[in-house]
Each structure stands twice: as structure tokens, then as C-alpha cells.
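Colleague: Take a look at the letters that make up each chain.
Number of protein chains: 2
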Amino acid sequence: MIDHPAVNRRITLASRPQGVPAPENFALTQAPVPRPGAGQLLVRNTWLGLAPAARLRMSEGGGYAESMKIGDVIYGQSVGVVVESGHPDFKAGDEVATINGGWQDYSVCDAQSVWRADLSRASAAAWLGILGTSGMTAWVGLTRVVRLEAGETLVVSAAAGAVGSVAGQIGKVLGCRVVGIARGAEKCRYVAEELGLDACVDYSASDFPDALARTCPDGVDVYYENVGGAVRAAVWPLMNRDGRVAVCGLISEYHGELNGGPDWMSILTKRLRVEGFILSDFAGLREAFIEEMGEWYSTGRIQAREDRSSGLESAPAAFIRMLTGGNLGKTVVRL
Amino acid sequence: MIDHPAVNRRITLASRPQGVPAPENFALTQAPVPRPGAGQLLVRNTWLGLAPAARLRMSEGGGYAESMKIGDVIYGQSVGVVVESGHPDFKAGDEVATINGGWQDYSVCDAQSVWRADLSRASAAAWLGILGTSGMTAWVGLTRVVRLEAGETLVVSAAAGAVGSVAGQIGKVLGCRVVGIARGAEKCRYVAEELGLDACVDYSASDFPDALARTCPDGVDVYYENVGGAVRAAVWPLMNRDGRVAVCGLISEYHGELNGGPDWMSILTKRLRVEGFILSDFAGLREAFIEEMGEWYSTGRIQAREDRSSGLESAPAAFIRMLTGGNLGKTVVRL
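Chain order of the listed sequences is A and B.
Residues in the first sequence are numbered consecutively from 3, following the working numbering.
Residues in the second sequence are numbered consecutively from 3, following the working numbering.
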């Protein structure tokens, strides 16, 4: 029996952001370390994985099942070590990844909501990114929601981000022509050269819509949507008949007024399918995902980059940087 | 061997309409009656079925596969009698329904594009409506595109129209709560009382969005979209999580500028699926459709009303009346 730790440091929601979150929306607080009940685990977090979905949950009535309340620990995935186990399948010392360990040193999680994260097989950042919720979101969207097929043209927005960078690479593995969209020359170079996409178009360039059209001379069969707004407006007229859109995120629209969407005449006349999805509806596919993505990762067909910072207190700044496009790959925090 | 008829009267596209079509966009012309080739049938049309899809095809680059050209016979379904057969499965005297016999006295059709229309089993108007393209469009949209399930709330726009009136009744047969949307008290009474929907909301009423919300206290699971514009805008905020939209038509948007669509944040946070479809992609289901709908029709579970006029020359006015909401049920022309 190990000593039960005493103090849990947590980053909690101090106030709801208006627009882009600011440091004062977050509070570093302390609380007693909770005890796990039957079927639960107490996990000491060693890494956090930050995700834009947390921004949606910081607003009231954002539509997701669980909006955070003021005082709640900020939503997010983690990797850590089991300290106390209330479930026979886990024991102290096991390495696990959580869906929502939250931004804190210690989390109590239901055993069925965590999975084993073998850190000899992949790094903690990989378990939070490619093999975690980001990677699985990309994989579910392409293989289950839009059912990407070899030979199709795939466009991925936020192609240098945690989900987009995996989605683009999956498209290549599946035999597609893949065009990324990202902001700035450095990200575009990363996407095209390091990730191996066929091209990456800079949406901050003045001729962006024309450049995208030139880069997709055969139109777009599948659009993996992370962004919304002007990026979507440029992709929309390029959609081919029977095209599909996986609506994974709308990061340009999380901070302000709702934008209207594009015309539906294209949906009608081109028989488009536009579909939103959320990872939690596909939890039963986790093992299939780990098997397939683990194979692609271990054979080097899909690679990872991380935006790493250190210390729980660094999480808010890293989160704000991610939401404003300052990151390449998965944003992780080492505790 | 019967005499080959000499003169074919046809309504052709004289000019492309701007906005709502006007009589001068149509011309009554004559041409020699064509001869059927191998695998083809010459059909003497006895009834025409008018459909809003013809309006889309009257514009250039509307996005559908086949825009009409100036001088083309106007697109539309027909019922008629085989006069000469170039296919062993059909003989002179057989009664058939066509997908696109067009607005003319005689049509040459590929044998595989027509089907038998037993007029002792159902009226010509039924073969053009409930058992024709209108009925099959409603059936495909609900049973194959959005996969309506018993217990769901279905909203149908243009609920008194040819497709909407069938879609609403299918929803009732399948065990759903069904709310129609139509314009004016007469149509709403028809939809609620004669067709047996649970309610019908008048979109010309000043409190339409509020009235619709009150009529759908549990939200909307499936929206069968025929209209677009302000009607869609009232339905959109009522969509439930995992809701689906079958985009069958956008009749309010066929005549002018493209409208923008509604926000995609709802698609994301509610995991909505919005899907356009076209009947021709489901041609292989025709026998399954005739079997199921024929059963519903012959047992009185689904009923038909028609808006009937007489004479080929009456078709343009009937078509304009249909596009401007003057019809109840399927618009047919007796030749």
C-alpha cells in the first residue's frame, strides 16, 4: 500500500472566455487528491494533451454534451501512471492514457475510459497525439464517417495541427491525392515536405482561393473540415459530385458569432454529404484503431511532431498558442 | 404493323427563365415522330407528370448532369402506351411509365428506362406521383438516405406537394411523429386532416418560427428538405443531436441568387448529417419501391391527390402554378 498523495494541483475554469481565451480565464487551484471508488483508478498524470475541443466546452450551451462549469478542471487527455486501482484489470504502476484526465496532477478515472499506453512502444506524446484522441479523430473521420477511397482527392484544413497532420498522412497511406491547407510558409513546408502530402496551400496568401483551385485541378472528393470560415468558402465550390465533408472542427468560429454556412444548392445538385461527428460516439473502435494506427506508426508511415511545454502552469499559454495557430503538431505539456 | 404517326407536338425550351418561368420561355413546336432503334420503344404519351426538377434543368450550369438546351423538349415523366417496340420485353399496346418522356405526344425511350404501369392497379396520376418519381424520391430519401426510424420526429417542408405529401405519409406508416410545413390554411388542413400528419404549420403566418418550435417540443430528428430559405432557417435550430437532413429540393432558391446556408456549428456539436441525393442514383431500387409503395397504396395507407389539367398546351401554366405553390399533390396533364 502506497501513501495516498495529499495535494492535487489543478487548472480550473475561472471565467468563460469571450473570443480567444486569456490567461485570466484560468486559475491554478489546489484540492485534496480524490480516492478512486470501485471500478475506478487514481492516475498521476505525467503528460497532458491539449485539444481545441476544450475551447468549445468553455462556453455555455456550446451544444456538446458536457460544457464545463466555472471551477471545473479544464477538459483534456492525459498520460500517467496508476497510483491506486479499484479495478482488477489495473494495478499501481500501470501506464495509461485517459480521455479526460483533465489539466491536473491527479485524476480519478473510470477504468473503462482509459487504455494502456505502453511507453516502450510509443512516446507519451504519441499516445496523446497519433495514438490518442487526435489520431483517432482523424482516423474515425476518414475511415468511418466519409469512408475515404483510394484515388480520391482529399483536402485537409489545419493540416499542420494535431488532427489535420494525421488526417493528411492517413490520406496518403490510403492511396489518395492529399492537399493540405495551413497558414504560413513554415507550416506549408512542414506539411508538404515532412508529412509528405502532395501539396499544401497557404491560406494567408492573397490569392488563396485561386491557388487552392489550381492545386486541385480535378476538384475535391473529400474535405476534412477543421476550420470553417474563409477556408471552407474556398473549398466549397471545388467539391465534386458525391463529395463528402467530415466536420471535425470549426476552429475559426469558436470565439465569436456563428458564421452562416455555404449554399445548399451544391449539396443538392452535387449530392454532397456533410456530416459532423464526435469521437466519443466511436469508443468501441479503439482497439481497431490502435492496431491499425500502431502499425502505421511503428513502420514509419505516419509520423508525429509535438509542441511541448513543461509544467502544469504552462498549459494555458500553450492552449492559447494552439488556438491561435502557433503550433505544429500535437500540443503536449510535460508535468 | 401499325401506321407510324406523322407529327409530334412538343413543348420545348424557347429561352432560359430569369426567376420564375414565364409562358414565353416555352414554345409549342412540331417535329416528325422519331423511330425507335434497337432496345428502344416509341411511346404515345397519355399523361405528363410535372416536377420542379425541370426548373433546375432549365438553367445553365445548374449542376445537374443534364441541363436542357434551347430547343430541347421540357424534361418530365410520362405515362403512355407503346406504339412500336424495339425490345423483346415490350410490345405495342403495353402501358408504361417513363422517367423522361418529356412534354410531347410521342417519345422514344430506352426500354430499360421505362417500367410497366398497370392502369388497372393504379391510375395514371398515381403512376406519375405516388408510384412514380415523386413517390420514389420521398421513399428513397427517407428509407435509404436518412434511414428514418420509428419514434423519431420528422419535419417535411412543401408538405402538400407531390414529394412532400408522400414523404409525410411514409413517416406516419413508419411510426414517426410527423409535422408538415405548407403555405396557407387550405394546404395545412389538407396535410393534417386528409393526409393524417400529426400537425401542419403555416409558414406564411407571422409567428411561423415560434409556431414550428411549439409544434416540435421534442425537437426534430429528421428534416425532409424541399424548400430552403426561411423555412430551413426555422427548422435548423430545432434539429436534435444525431439529426439528419435529406436535401431533396430547394424550391425557394431555384429562381434567384444562391442563399447561404445555416451555420455549421450545429452540424459539429449535434453531429448532424446533411445529405443531397438524386433519384437516378437509386434506379436499382425501383422494384423494391413499387412492391412496398404499391402495398401501402393498395391498402389505403398512403393516398394521392392530383392537380390535373388537360391538353399539352396547358403544361406551362400548370408548371408555373406548381412552382409558385398553387398546387395540392402531384401536378399532372392529361394529353
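Keep in mind the hints are simulated off the structure, nothing from the lab.
Backbone N, C-alpha and C fix where the C-beta goes; we use that ideal spot for every residue, glycine too.
There could be a bad hint or two in this list.
[Unchecked claim] Output of the computed footprint for chain A on chain B, the stretches with three or more beta carbons under 8 Å from beta carbons of chain A:
1) 193-200
2) 264-273
[Stated by the list, open to error] Listed next, the in silico DSSO-like pairs over lysine-lysine satisfying Cα-Cα at most 30 Å (straight line):
3) Lys93/B x Lys272/A
4) Lys71/A x Lys272/B
5) Lys272/B x Lys272/A
Colleague: Could you work out which earlier hints the structure fails to respect and list their numbers in ascending sequence?
Modeller: Hints 1 and 3 are the ones this structure does not satisfy, whereas the remaining hints hold.
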